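With these hints in hand, go ahead and build the complete structure from the sequences.
Residue numbers (numbering that gives the first Met the number 0), protein chains in the order written: chain C, 0 to 272; chain E, 0 to 272.
Residues of chain E placed beyond 10 Å of chain C at every Cβ, according to the derived structure:
id, residue
1, ARG104
2, THR176
3, ASP182
4, VAL202
5, GLU233
6, PHE235
7, GLY241
Partner residues aside, some chain E positions facing chain C, computed with beta carbon under 7 Å:
id, residue
8, LEU21
9, PRO32
10, ARG52
11, THR56
12, ARG60
13, GLY61
14, ILE74
15, LEU81
16, TRP85
17, SER88
18, LEU93
19, PRO171
Simulated DEER-style distance windows between Cβ atoms:
id, chain 1, residue 1, chain 2, residue 2, range
20, E, ARG220, C, ARG121, 18 to 24 Å
21, E, ALA207, C, ASP66, 38 to 44 Å
22, E, ARG251, C, THR47, 33 to 39 Å
23, C, ASP177, E, GLY197, 45 to 51 Å
24, C, GLU233, E, GLY89, 50 to 56 Å
25, C, PRO159, E, ARG29, 26 to 32 Å
26, C, GLU185, E, PHE43, 54 to 60 Å
27, C, GLU185, E, GLN162, 29 to 35 Å
28, C, PHE43, E, GLY219, 31 to 37 Å
For the record, the hints were derived by calculation from the structure and aren't laboratory data.
The structure presented is a predicted model; accordingly, all values stated were derived computationally and were not measured.
Every residue, glycine too, gets a C-beta built ideally from N, C-alpha and C.
Number of protein chains: 2
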Amino acid sequence: MSEIPLDRKTPAGALQTVDRALLVLLAFERTRPDWGVTEVAAEFGWDTSVAQRLLSTLAGRGFLVSDPATRRYRIGPAVLRLGRLWERSGSLELLAAPVLEELGRVTGDTVLFCLPDSFHMRCVAAVEGESGPLRYYPLVGELYPAHAGATAKSFYAFLPDEQRHRLFRGRPMARFTDRTVTDPDELERELVQVRAQGYAWTVGEYDAGIATVAVPVFLGREPYGSLSLGGAKERFTDGPEGRLDALRKAARLLEKRLTHPPQRTRKPRAPQS
Amino acid sequence: MSEIPLDRKTPAGALQTVDRALLVLLAFERTRPDWGVTEVAAEFGWDTSVAQRLLSTLAGRGFLVSDPATRRYRIGPAVLRLGRLWERSGSLELLAAPVLEELGRVTGDTVLFCLPDSFHMRCVAAVEGESGPLRYYPLVGELYPAHAGATAKSFYAFLPDEQRHRLFRGRPMARFTDRTVTDPDELERELVQVRAQGYAWTVGEYDAGIATVAVPVFLGREPYGSLSLGGAKERFTDGPEGRLDALRKAARLLEKRLTHPPQRTRKPRAPQS
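What follows is the structure, encoded as structure tokens:
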């Protein structure tokens with residue numbers, strides 16, 4: 000996610016030392032997984048003693064760990080604990096809701112935001128279309144199989160080849176409708192095509208009467224989930240093209256909110272709990 | 000993980016404001032996913048204005064998000080980014096290595112620490128036994144199927160029933176040896192038994208000549224991975240009992256290092272990168 004630049008100036012009203020510690024945490028990246036004290040000092044233009052105290056304070060609560068052999072720091076296990084909490088915290092729905100609502104308002108379709116969960120996609124946020132509910136059970140929490148329908152295909156197509164092949168190899172592919180693809184070679188050809196065109200479009204692969212168009216949602220360079228528009232196939236007689244711009248714009252906005260969440264512009268004068 | 004008490008006193012040499020911000024982050028738990036300003040102030044005995052500035056500084060970098068409707072805070076998406084980095088960061092091996100080495104020294108067996116990965120267990124750290132390598136390929140990175148062998152069973156047995164049933168339902172169960180269990184009902188009976196006795200013990204389910212005993216590794220109340228001892232079955236003629244104490248002790252130590260990583264006791268006088 001190094002392509003998303005961070006403004007390193009501490010925002011007005013924020014605590015500078017805390018903000019610096021958070022910047023240090025955010026400096027750890029996949030391409031730069033460990034840092035030494037003098038490197039941190041040089042990167043941010045701080046005294047070595049400042050960098051040392053920030054790093055050891057972060058290590059003191061397990062947000063970093065130092066390698067006893069090299070004295071370099073890496074991300075620590077406290078992050079693991081918080082990371083496991085994140086998806087259950089409600090923040091995802093909170094951040095996604097305004098994007099999904101706007102997309103639903105513009106298109107009139109049902110909007111789904113889904114994340115992968117053991118060879119399925121799990122719906123984590125949804126908005127019903129103007130033509131009424133797609134199904135008679137709650138959309139949120141529902142699981143969709145990895146091999147059927149645009150919602151899943153638009154995510155799995157963007158996994159690294161090796162990981163995708165391992166996931167799909169030797170799997171049973173349940174048939175839901177006469178359009179469900181159950182041959183792994185044919186599925187792989189379709190996923191390669193989805194990847195090339197940047198979106199997935201399916202009609203009746205999972206639900207016979209439903210058409211769906213979906214795009215991946217990325218965190219940095221990694222696929223994180225999928226955003227999709229679905230509805231009765233009669234609503235999609237012109238295919239997916241007319242919806243792609245709105246869908247892509249919403250996916251970019253969702254990515255932005257997931258990496259740089261919006262802030263209240265002013266602190267409330269009388270803080271309330 | 001609320002059963003692991005945090006010492007709230009800022010350690011000597013640490014930056015107090017930063018340490019307080021980290022304590023606030025660690026206060027977010029599954030059973031307490033959102034906090035208001037006055038609640039944080041009351042919990043830690045701080046002025047409301049201190050709590051407000053800490054919370055808004057954390058929100059400013061996306062570590063928290065505030066719900067515009069309730070003004071309460073939840074874990075934010077910056078945690079997501081760091082969480083995805085954690086398992087690739089090398090910290091896991093760094094923290095696990097001393098525990099695995101000691102367990103290997105005491106038992107002479109091959110020691111594996113494995114985490115779940117799409118209906119498999121992935122070996123993330125390993126120590127070879129005194130009787131030489133179990134296999135002629137690297138242990139770390141290897142995937143073990145979810146239904147065969149103690150390493151996998153000692154993890155999957157401890158998943159919540161609903162989640163386990165969903166994972167195992169309708170799966171193809173490959174047969175590796177004549178001891179591999181491929182009937183889902185029989186497998187479920189075995190997993191219930193593993194859960195009741197607290198460990199898994201298998202002989203030749205995955206590798207014909209290998210015996211393995213394994214226990215789950217928990218983070219708080221949630222199963223996170225498994226720690227196992229394996230070797231040629233001739234080494235295990237007395238069954239698993241003689242190894243259980245050492246294995247359980249090592250698993251508890253691993254859990255402790257994952258939640259409270261060890262610290263260097265003194266800052267180096269001349270910080271080095």
